[in-house]
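Number of protein chains: 2
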Amino acid sequence: MSAPDDVMAAYLDATRERRLQRYMDFIRIPSISGIPAHAPDCRRAAGVLASELSEAGLEHAEVCETGGHPVVYADWLHAGPEAPTVLVYAHYDVQPVDPVELWSYAPFEPAIRDGRMLGRGSSDDKAQVQMHVRAAEAMLATRGALPVNLRYIFEGEEECTSEHLDGWLQANRERLAADFAVISDTGFFDGNLPAITVGLRGICYVQIDVEGPTVDLHSGSYGGAVVNPATALCAMVTALKGPDGRIRVPGFYDDVVPLSERDREAFAALPFDEAAWMDEIGVDALAGEAGYTNLERRSARPTLDVNGIWAGFTGDGPKTIIPAHAHAKVSCRLVANQEPAKILAAIRAFVAEIAPPGVRVRVQDLGLGLPSLTPIDHPATQAAARAIEATFGRAPLYYREGGSIPVTASFESTLGLPVVLLGFANPDSRAHAPDESMVLNNFETGIRTIARYWDELAALPVGALRL
Amino acid sequence: MSAPDDVMAAYLDATRERRLQRYMDFIRIPSISGIPAHAPDCRRAAGVLASELSEAGLEHAEVCETGGHPVVYADWLHAGPEAPTVLVYAHYDVQPVDPVELWSYAPFEPAIRDGRMLGRGSSDDKAQVQMHVRAAEAMLATRGALPVNLRYIFEGEEECTSEHLDGWLQANRERLAADFAVISDTGFFDGNLPAITVGLRGICYVQIDVEGPTVDLHSGSYGGAVVNPATALCAMVTALKGPDGRIRVPGFYDDVVPLSERDREAFAALPFDEAAWMDEIGVDALAGEAGYTNLERRSARPTLDVNGIWAGFTGDGPKTIIPAHAHAKVSCRLVANQEPAKILAAIRAFVAEIAPPGVRVRVQDLGLGLPSLTPIDHPATQAAARAIEATFGRAPLYYREGGSIPVTASFESTLGLPVVLLGFANPDSRAHAPDESMVLNNFETGIRTIARYWDELAALPVGALRL
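Each protein sequence line maps, in turn, to chains A and B. Numbering of the first sequence is given in our numbering, commencing with residue 805 and proceeding in unit increments. Numbering of the second sequence is given in our numbering, commencing with residue 805 and proceeding in unit increments.
Be aware that a few hints might be false.
Which stretches of chain A does chain B cover? Using the computed rule of at least three CB atoms under 8 angstroms from a CB of chain B, they are [what the hints assert, rightly or not]:
# : stretch
1 : 890-903
2 : 1009-1018
3 : 1021-1029
4 : 1084-1090
5 : 1124-1132
6 : 1159-1166
7 : 1198-1212
Worth flagging that the hints you see were computed from the coordinates, not collected in a lab. Predicted model only: the values in this text are computed from it and were never measured. Don't be surprised by glycine CBs; every beta carbon is placed ideally from N, CA and C.
Take the sequences, apply the hints, and build the full model.
Shown next as structure tokens:
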């Protein structure tokens, strides 16, 4: 491993202002992948990112067509055949911003306040895209080389379930050869404690559409004899999960790997102030699957949530109709070893079974993603832990995240690569919600962690990653 | 009773084109009372109507302030103290038009097609407003007088539960003295058979608001431990009504007057082709309260329907959040002798009881209206029946409407007046739904029915209405 690198540290200190301006420029692009009207913004973000990668000194920067929002690729492969090759992943697309009236600032007009960068994507995941670019830039600017071979993939469809990524990975298997993958789309543990994520949940996201009468009907003239699609939808949604928090879809739990005693001890050992957490999100009571702790429920057990529902009249005042149709977006978080496609089929079968006569019910697939569990004792994981400890001054915790990064499983299954989840988001970043923000210390120190990580990997014995 | 009036008939034949133009002009005003932004349109409609009443020869035409959308008043009181005095009611406000994309024509650009007037309000209730104006105009133009004393009240808040009407009626009791009231806001029976409505349902319209976490939460990071407001709302809505169609709110049925054997025989005698009716609304199965027929369920039994529901993300694609809040508009149709305020209290108590910990639940009152039952054998009802038979060539059926016209109960309770529900809308008018229309034969013949009705009332023995 190289000695502490004062030249690079000085470079990073000197370029802070320019780096933050670039980060803000990047947030200004409303690259909301889930809303078709923002497709041009996604493409613009991809173009800007490719330019930044080139400027940083990386090579072969390219906006790659996928059939959807593009992937941005770049590499630097001059560390020699003995040096590790790492595939780096983050995503440049962001979540929608509604309800926009709940933001205390304009989501695409970034600003720095109280040591945080504000804006949609400031944390998830534009911060980590920028951190990787800046870490490489600093190394190349001060040393003229990187200690490892790096291939970068920045995706534009992570927030809309990565529809085209698997196909693109398959088609580019050759050029993506690597020893392992680093995915930077996770964060620190509550209390902003440095952490490495070792588990991610998968997802099965559906839309349930209920169609009733041809048109909205007068609820006075027809009410009492016609099946109300909104009422039917509520009943079906309610039937999906019991009051004990257990999902009632037959077969749902069949493939779930039960938590071992050791798993449960590890969860119990994590520092967690439930009262402070409840206070932060503004609720005075919790609920969940019987027999599991808060942390287990949120990361190691599958769930089912309504993400959106709509039917009939939603404006001000009363309107007396039986809605012609009703819709709900419902997603399940999955854990190892549930198969999303099997869960989708189980939901479809159950919904068909409980759909009442008098309405037509359809279950649309809005996206599937595999769950993932990664090994703590892999040398790439342990090198990441050393880089974190060297830069943040504290050894990382190991925990499971409740969210889904389907590409993790894609890298594992499609490319056959081990995955290290190295992420720096502060836990109170309000990802996906109004008032998203990123703690700038995580951003700045994280850039140094990434650079240190490449040095740590280069210092491993030759072949250590090829076990 | 006066002899058949050829002069008036000729006048009506000669003025048809002008009358239809006025009717179309009136539909062009988007007087949607339930949407605050349309308040100026309601006021404009009121002003136009007052002008038309004056032009028709009626007196004291006035746009009266109510605290909400105005009431339009006019009268003609020169038939003498022995002649009956009739209070006439219809409403100039209309329902919202969404989902506007389901209309096959622009809702506020009326047109005549296949013997129908097309447009929002073409039937409910601008047709009947215009019919009363034109009937009075024809009599005054050809005879210089009306056979009875008439007072007109045209309301602008019927479609948003008549919030200010009761107060206005109370404040104007003196000037509204009459023998009975005619309300024109109902229609013919299925098959477009002439009918007089003898029962109306009341209403209790609420909005259930469920508040959870302060902001939308990432469903991956929080899902499994946080109470989802949308899921909670679905469960509460589902708990309101059982699969047997019975409303589960304790006390809900306490005051319902049971149907007598005679009532049920009358319902059974009504012509009704259920298969054709199902085909018309586009459903292949029905449901409702066990033990009652279709017609009973829709008019003589109370109901509960979701009129609208919304929470979380409702745009295209997936968004992975736990919504911070969820809302449903829920209305109950009530029958004699249910009291809307008592039902509201019962719903509030039940919702409070079933609301889960972890969310805050509120039940807003969006409007209450009393149910009504009117006597078939009242001389004013029987005179209406003779007028219908003389003009439409067929004696009317007597039936109960499932909808609510709260003013009916207001006239009964506030002004102490018997009420005759004389309405002409074709049953397939799609009131409250996209593609509303009015059969022009009902409109034209109905104008003649109204004129004939005034003659029939004038022919009653003096004092016949003051039983």
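Do the hints match the structure? See the list:
no., hint, verdict
1, 890-903, "holds (count 4)"
2, 1009-1018, "holds (count 4)"
3, 1021-1029, "holds (count 9)"
4, 1084-1090, "holds (count 6)"
5, 1124-1132, "holds (count 8)"
6, 1159-1166, "holds (count 4)"
7, 1198-1212, "holds (count 4)"
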